[in-house]
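Number of protein chains: 4
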Amino acid sequence: MAESPETPKPASKAVYYADYLKLDYLLEAQHPLSKLSDGAPAHDEMLFIIIHQAYELWFKQVLHELDSVMTLFSKPTVSEDQMGMAVARLERIIEIQRLMLMQMQVLQTMQPLDFLDFRDQLYPASGFQSFQFRILENRLGLKPEQRVPYHQGRYDASLDDRHRQILQKAENEPSLLELVEKWLERTPFLTFGSFDFWDSYRQAVETLFDGDAERISSNPLLGAEDIQSHLDRLAATRSTFATLFSEEQYQELQAQGGRRLSYKATKAALLILLYRERPILHLPYRLINALSTVDELLTTWRYRHALNVQRMIGVKVGTGGSMGYEYLLHTMAKHRIFGDFNQLSTFLIPRSALPELPDEVERQLGFYYQGEPT
Amino acid sequence: MAESPETPKPASKAVYYADYLKLDYLLEAQHPLSKLSDGAPAHDEMLFIIIHQAYELWFKQVLHELDSVMTLFSKPTVSEDQMGMAVARLERIIEIQRLMLMQMQVLQTMQPLDFLDFRDQLYPASGFQSFQFRILENRLGLKPEQRVPYHQGRYDASLDDRHRQILQKAENEPSLLELVEKWLERTPFLTFGSFDFWDSYRQAVETLFDGDAERISSNPLLGAEDIQSHLDRLAATRSTFATLFSEEQYQELQAQGGRRLSYKATKAALLILLYRERPILHLPYRLINALSTVDELLTTWRYRHALNVQRMIGVKVGTGGSMGYEYLLHTMAKHRIFGDFNQLSTFLIPRSALPELPDEVERQLGFYYQGEPT
Amino acid sequence: MAESPETPKPASKAVYYADYLKLDYLLEAQHPLSKLSDGAPAHDEMLFIIIHQAYELWFKQVLHELDSVMTLFSKPTVSEDQMGMAVARLERIIEIQRLMLMQMQVLQTMQPLDFLDFRDQLYPASGFQSFQFRILENRLGLKPEQRVPYHQGRYDASLDDRHRQILQKAENEPSLLELVEKWLERTPFLTFGSFDFWDSYRQAVETLFDGDAERISSNPLLGAEDIQSHLDRLAATRSTFATLFSEEQYQELQAQGGRRLSYKATKAALLILLYRERPILHLPYRLINALSTVDELLTTWRYRHALNVQRMIGVKVGTGGSMGYEYLLHTMAKHRIFGDFNQLSTFLIPRSALPELPDEVERQLGFYYQGEPT
Amino acid sequence: MAESPETPKPASKAVYYADYLKLDYLLEAQHPLSKLSDGAPAHDEMLFIIIHQAYELWFKQVLHELDSVMTLFSKPTVSEDQMGMAVARLERIIEIQRLMLMQMQVLQTMQPLDFLDFRDQLYPASGFQSFQFRILENRLGLKPEQRVPYHQGRYDASLDDRHRQILQKAENEPSLLELVEKWLERTPFLTFGSFDFWDSYRQAVETLFDGDAERISSNPLLGAEDIQSHLDRLAATRSTFATLFSEEQYQELQAQGGRRLSYKATKAALLILLYRERPILHLPYRLINALSTVDELLTTWRYRHALNVQRMIGVKVGTGGSMGYEYLLHTMAKHRIFGDFNQLSTFLIPRSALPELPDEVERQLGFYYQGEPT
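Chains as they are written, first to last, in the numbering used here: chain A, 135 to 508; chain B, 135 to 508; chain C, 135 to 508; chain D, 135 to 508.
None of these hints come from the bench; they were simulated from the model.
The beta carbon of each residue, even a glycine, is placed where N, CA and C say it ideally should be.
Worth double-checking, as some hints may not be accurate.
When the alpha-carbon atoms are kept at most 25 Å apart in a straight line, the in silico PhoX-like pairs for lysine-lysine are as follows [stated by the list, open to error]: (1) A/K156 <-> C/K303; (2) C/K209 <-> C/K398; (3) C/K209 <-> C/K194; (4) D/K156 <-> B/K303; (5) D/K303 <-> B/K156; (6) B/K468 <-> C/K468; (7) A/K156 <-> C/K194; (8) A/K194 <-> A/K303; (9) B/K303 <-> B/K209; (10) B/K277 <-> B/K316; (11) C/K156 <-> A/K169; (12) B/K194 <-> D/K156; (13) D/K316 <-> D/K303.
Covered by chain D, per the in silico footprint, the following chain B stretches (three or more residues, Cβ under 8 Å) [unchecked claim]: (14) 190-197; (15) 222-231; (16) 257-271.
Just need the whole structure built from these sequences, with the hints factored in.
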């Protein structure tokens with residue numbers, strides 16, 4: 135039974151702000167290691183500690199949201215009543231990521247010379263050892279074999295056993311990428327009644343290209359050379375689409391690491407993007423979009439982090455002996471997780487070129503309640 | 135027929151970036167009025183002009199989005215296929231408002247002493263004369279009679295005829311608030327089959343309060359005085375709810391300016407907030423939430439603006455003879471448009487206290503396609 | 135002796151990231167109180183806890199910076215070598231405040247209905263009990279008697295003894311406002327050799343007004359009525375300045391709470407603002423500007439907080455029984471600390487109207503090294 | 135003579151907000167090219183136009199600030215009274231850059247499918263043709279030969295003659311990088327009286343390394359192998375420093391493009407960073423820091439831009455036939471302008487390891503007024 139705010143509580147149960155938030159622990163958890171010549175710690179080490187603690191708190195929150203979304207997507211069927219919640223939680227992660235980017239601006243108020251006052255004391259600790267960040271990467275779907283090798287060692291080599299075990303567990307569980315892939319593959323609308331999405335999309339693309347070829351060849355304003363150059367460009371575009379239309383070519387690309395989602399999941403994602411206005415596809419579309427943004431902000435954060443490392447220590451090795459700036463730049467490009475969704479932009483075609491959906495399909499994609507009969 | 139990027143164009147139609155954006159006009163539209171003793175304009179007047187021009191560009195964009203949403207809501211029925219679009223456009227307005235808030239930080243790099251170098255030349259021009267901002271307020275739903283009087287005159291007294299006419303037109307057309315109110319009133323789900331929302335909600339509230347009263351009176355840990363104090367508090371809460379349950383009391387409150395939405399629209403909004411997970415109510419819930427945020431950011435912007443006026447000119451009158459800081463503070467509190475949605479938080483009850491919906495109602499609030507029969 | 139990064143350390147001293155940041159404490163300090171019907175805590179309570187913990191970490195950092203600035207300003211003379219550091223630390227506080235404002239956007243992803251799932255369990259805990267925030271206010275210079283009374287009680291009534299004692303200590307120690315006031319009063323440049331700032335400024339103001347009166351009266355384009363109206367306006371401005379030129383009127387204003395700085399400190403602040411380009415006055419000017427911005431962002435934060443309270447709980451009382459929105463709006467206006475610096479904008483005059491400084495004074499305000507003799 | 139706000143103006147000179155800001159031009163400068171099947175332009179093209187126009191307005195403002203700083207640094211001596219202003223203007227550029235980054239979030243509300251509705255009409259226009267952005271790069275100091283080649287052509291190949299000429303002029307004029315280099319080279323404090331900075335810094339570095347070698351070799355906790363590994367690492371660091379201490383090695387590095395500043399300018403920058411607290415070096419230090427941040431934000435902006443291009447068009451070529459994402463990623467790494475200042479972090483040593491300055495030098499770096507004799 136729900137309790138209302140009026141429900142009286144015995145005084146002994148009165149909640150005190152500082153106790154509720156465990157401030158006695160939280161505000162005593164900053165232990166600078168530096169000692170300057172006057173015996174006091176370097177002033178800026180406090181900022182260094184607190185900014186990293188704030189990051190770790192936010193990582194915990196991000197994992198909390200992520201886990202709840204993953205639990206939802208682990209079920210055989212994702213309840214439609216919970217899609218809005220899943221999207222809202224991913225959107226919350228996005229807001230937190232934006233905040234974490236802004237947090238870099240606070241870190242930038244620390245000058246290299248001030249960092250020098252205590253950075254040697256921290257050796258070999260390094261942000262590289264943030265196990266929550268590694269769990270986050272694993273949960274999202276970054277595979278050990280996709281990681282940029284780090285001093286020829288595994289990414290978790292410098293972590294202690296306890297944390298390494300947590301990470302390996304996360305490696306072995308289905309990632310969000312995999313759960314979303316399965317969910318996409320289950321989409322019932324790829325072939326639905328008289329409607330075959332892939333066929334219909336493919337025909338629309340062909341019609342589009344044939345029209346282009348026709349317009350190019352018959353254009354009185356173009357000389358023979360220009361016509362050829364345009365036709366060559368068109369041919370190039372056709373072969374890009376061929377990597378999508380041929381399952382074989384797709385799988386080759388996938389084998390080379392150029393795609394991560396299964397062929398069927400890719401089709402479903404394209405369906406959702408192209409028909410996002412239909413009620414039943416709208417939240418799935420928002421979900422795909424949110425995953426794409428999470429990935430983009432993660433890589434942006436890596437970049438800001440790399441710039442910051444460079445600004446703080448120049449070309450020296452990082453505090454944990456990391457290769458610093460160069461290493462981070464590499465991870466930025468290679469550690470994309472939901473990059474497939476971005477690639478799909480390549481294959482979008484104008485809505486006006488899409489064939490209309492059969493009425494029955496339209497109805498099935500809508501709400502049960504479709505207004506008063508008129 | 136859609137054109138693909140491969141469609142060749144005659145060279146004469148090649149689009150040039152600077153032409154497309156009309157940069158010749160745009161970048162020549164800064165005409166400082168100041169002349170310092172050395173004949174040059176005051177350096178910071180350029181910032182002053184450009185920052186206001188950027189605001190006006192964004193106001194145009196906000197109006198563009200707003201108009202498209204209003205067009206949609208002007209129709210007798212809002213198509214479910216377009217709700218996602220309506221919400222996305224309001225959410226875009228929110229991103230623009232956040233940007234406009236950030237823009238204040240750029241303005242804050244201008245110091246009062248630098249503003250003094252040219253502010254007298256601007257007299258009596260003033261941001262008060264931004265007709266796009268006034269149109270925005272009118273379109274959203276701020277009524278002339280709700281505006282804080284300004285020097286005993288109308289808010290558009292200092293505008294020229296052309297702009298005043300545009301504003302008066304906007305005053306006379308249905309505002310977004312009114313369109314949304316009508317849309318809410320049309321909600322078919324307030325009484326639906328065997329389900330009567332208002333009845334069911336009201337009973338849930340009563341049950342909640344009765345439980346509270348029972349728990350208070352029978353609490354062995356409380357003395358007579360404490361029990362009375364808790365019961366008084368409960369009584370106060372009950373009378374707050376009475377302003378909602380009695381249509382008469384609601385209308386009194388409305389007549390005093392305490393509410394802007396009709397009684398029926400308020401009920402519908404509450405239904406949407408309480409049952410937001412149901413597919414057909416999810417985008418309506420996002421819409422209400424977005425309108426609430428637009429309003430909140432508008433008032434935050436007013437506040438940052440007021441602070442800025444105070445910082446730049448102290449207690450002097452504004453450049454347009456406006457009363458400056460004090461006036462702006464007043465508008466902040468009085469010029470809320472979608473405040474009713476915030477008030478509704480007062481009347482939310484825990485989901486666990488809500489009666490379950492009949493199966494038939496649940497189905498009607500869901501999608502037509504409800505999965506494979508199992 | 136400084137240690138270089140190459141200095142080897144015994145393995146036992148190797149620093150581990152998670153230990154350094156006390157992550158065992160930090161990441162175990164979230165204890166939700168809610169239990170939903172399924173036995174799990176309400177999902178959003180984690181966000182509620184973490185966001186408040188992040189705020190408290192940042193408050194600690196702000197206090198760390200503030201304390202270091204106050205220590206500096208407690209000395210009989212503030213070393214010129216440390217002014218840059220003092221300014222940089224205040225500017226860091228500003229970056230943190232901006233971040234804390236952004237953090238509101240994360241909180242806004244929590245919906246009132248989700249808050250309802252656990253808010254009653256928190257009673258009577260409330261952000262009102264954040265003792266670090268109260269210490270911050272006290273250190274900056276908010277006096278108990280200036281605080282908006284809260285349920286007729288003191289602001290620290292709901293805190294426990296330990297925290298109340300810390301706060302009372304902070305009340306009794308000199309605040310930053312007082313330390314800055316003393317520092318301003320010590321400025322040697324108000325009367326310096328042949329230069330008397332106050333005299334010279336006052337004459338410049340008089341000359342400016344006399345010129346205005348002359349131009350008004352002799353303006354052939356103005357009718358008698360217009361001339362009178364302009365002269366009345368000028369007279370009003372003159373009486374505003376009279377509150378500055380008459381020490382008696384100034385002290386009256388101060389007695390009524392209209393000013394917080396001493397007369398002498400106000401003069402010094404005005405000197406600094408008007409002659410900010412001179413090397414020795416530049417960092418003092420940046421300091422005043424930074425204090426002004428800190429105050430402005432503090433009040434903006436109060437406002438966003440008030441809006442948020444309103445959005446979350448409507449017109450109900452806050453979790454700590456606070457009067458919520460209305461109370462917070464009041465504090466916003468009354469709890470300004472460095473408002474005097476904003477008021478000074480009223481008394482700035484164009485640089486061109488300031489008399490030139492005697493050469494000797496110019497030199498004294500410059501660097502010792504003034505370039506090669508030419 | 136300064137005019138006060140009371141100075142009456144003839145009515146004909148009354149300034150009107152819309153005229154002052156040229157709103158008739160500004161708000162009529164959006165001409166969408168798209169026509170959907172219903173004859174209306176694609177809704178999102180307005181956003182596309184306005185967001186680019188807002189960028190161009192801000193570019194103009196950035197150039198306005200930059201030009202004023204460059205004018206100042208073009209003089210044979212930079213007046214100490216104007217250093218504060220120069221720094222403030224660079225800091226304003228930084229605020230604008232932060233705003234431009236935020237603006238990306240507004241652009242992200244546009245979906246690839248919506249962009250598709252009008253992107254083909256824009257061909258071959260492209261942000262690549264923003265001549266203001268190219269001027270900005272040129273003015274800061276990006277040389278044509280340092281630019282990543284673009285389709286084997288010059289970066290300005292697609293611009294029209296008028297814009298190309300403006301750009302080539304900007305190429306030929308001294309850049310901010312060059313002006314700052316000259317200014318650094320003029321620093322009188324490298325050898326000053328009995329103080330030789332380079333000598334003193336070099337000795338401090340040697341002492342530091344010798345101490346390290348001593349501590350490594352005599353460490354009883356280390357085995358022979360560990361000792362060797364530490365000594366190897368130390369030797370590597372010594373050779374990094376050798377590229378700084380040997381003018382010849384420095385110039386080699388410079389010839390390979392690894393350094394852009396002259397040897398002397400680099401020394402001066404290091405002096406400023408190491409002794410930034412001294413009054414006469416404080417604003418120079420802030421200037422270096424600001425230039426470094428401008429460069430960092432420019433490269434961050436490139437990155438966000440690249441991500442956005444990828445999100446909008448996948449692997450297709452950009453609207454102007456640009457190579458899109460890959461090209462932009464390359465420019466990000468290669469188009470750094472003030473990277474030398476970041477590299478200097480490599481050569482910072484703890485303040486405690488720096489020799490004390492002779493009293494006379496200390497005095498020369500301070501203010502003329504050094505307090506009352508005591």
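Query raised in the report: Hint by hint, which ones does the structure fall short of?
Result: none
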